[in-house]
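Engineer: Listed below are the residues making up each chain.
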Amino acid sequence: AQSVTQLGSHVSVSEGALVLLRCNYSSSVPPYLFWYVQYPNQGLQLLLKYTSAATLVKGINGFEAEFKKSETSFHLTKPSAHMSDAAEYFCAVSDAGGFKTIFGAGTRLFVKA
Amino acid sequence: EPEVTQTPSHQVTQMGQEVILRCVPISNHLYFYWYRQILGQKVEFLVSFYNNEISEKSEIFDDQFSVERPDGSNFTLKIRSTKLEDSAMYFCASTWSGTYEQYFGPGTRLTVT
Numbered sequence: 012a013q014s015v016t017q018l019g020s021h022v023s024v025s026e027g028a029l030v031l032l033r034c035n036y037s038s039s040v041p042p043y044l045f046w047y048v049q050y051p052n053q054g055l056q057l058l059l060k061y062t063s064a065a066t067l068v069k070g071i072n073g074f075e076a077e078f079k080k081s082e083t084s085f086h087l088t089k090p091s092a093h094m095s096d097a098a099e100y101f102c103a104v105s106d107a108g109g110f111k112t113i114f115g116a117g118t119r120l121f122v123k124a
Numbered sequence: 048e049p050e051v052t053q054t055p056s057h058q059v060t061q062m063g064q065e066v067i068l069r070c071v072p073i074s075n076h077l078y079f080y081w082y083r084q085i086l087g088q089k090v091e092f093l094v095s096f097y098n099n100e101i102s103e104k105s106e107i108f109d110d111q112f113s114v115e116r117p118d119g120s121n122f123t124l125k126i127r128s129t130k131l132e133d134s135a136m137y138f139c140a141s142t143w144s145g146t147y148e149q150y151f152g153p154g155t156r157l158t159v160t
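Chains as they are written, first to last, in the working numbering: chain P, 12 to 124; chain X, 48 to 160.
Among the hints, erroneous ones may be present.
Pairs of lysine-lysine residues, derived as DSS-like cross-links and limited to a Cα-Cα distance of at most 25 Å, are as follows [what the hints assert, rightly or not]:
1) X/LYS130 - X/LYS104
2) X/LYS89 - X/LYS130
3) X/LYS125 - P/LYS111
4) P/LYS69 - P/LYS80
5) X/LYS104 - X/LYS125
6) P/LYS111 - P/LYS79
7) P/LYS79 - X/LYS89
8) X/LYS104 - P/LYS111
9) P/LYS111 - X/LYS89
10) P/LYS111 - P/LYS123
11) P/LYS111 - P/LYS69
By construction, these hints were calculated from the structure, which means they are not laboratory data.
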């Protein structure tokens, strides 16, 4: 069975600081991994995805994530946080067929001025 | 840009009543999904639908739930007899291929009183 663990329900950074949101997954098959962002009272928007191509994946808004099979991790980073990055971030894993996607519990990112 | 739409944006119903949540996926997409998010909690997979049948469903998706694609454009989620614990935001999503990113609608907030 697939599962996703996001370490830290809340992360607070200063504007301009590095953002690191942690995600570990469990999957019996090569996974497809995603990061989604949710702004208040909105739906989910894809930030980036890993589908077995390059292990370093670049997404929108300056975010990137690195797939590390040995660590079963897919951490999300951004070199310099912006106030507009404040939102809830969800890591997700999907089976190869894409029929079932499991989301992590989410990490709320706070950005301080 | 094409988008997934959902109606209504907010539905209030009494316990025991039937509700139908409607979604219009992006027109050339083939895979369809329903998720729910109880306030403040993670996004939970309910069901996926492909080729006019359910592909996967979670343990949440019991006999009280059903999905339908009645006319080739709409994708509906029916809850036959609502319970208080069904109160949540329900998101519809669609994608062209199971391995591609899913596009989420804005959600329907269901309140069961």
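Engineer: Compare the structure with each hint and give your call.
Structural biologist: Hint check:
1. X/LYS130 - X/LYS104: Within the cut-off at roughly 19 Å; holds.
2. X/LYS89 - X/LYS130: holds, 19 Å
3. X/LYS125 - P/LYS111: Distance ~19 Å between X/LYS125 and P/LYS111 Cα, so the pair holds.
4. P/LYS69 - P/LYS80: holds, 17 Å
5. X/LYS104 - X/LYS125: holds, 14 Å
6. P/LYS111 - P/LYS79: This hinted pair holds, its Cα atoms lying about 22 Å apart.
7. P/LYS79 - X/LYS89: Answer holds: P/LYS79 to X/LYS89 is near 24 Å, not above 25 Å.
8. X/LYS104 - P/LYS111: holds, 8 Å
9. P/LYS111 - X/LYS89: holds, 15 Å
10. P/LYS111 - P/LYS123: violated, 36 Å
11. P/LYS111 - P/LYS69: holds, 24 Å
In this structure, the one hint that does not hold is number 10.
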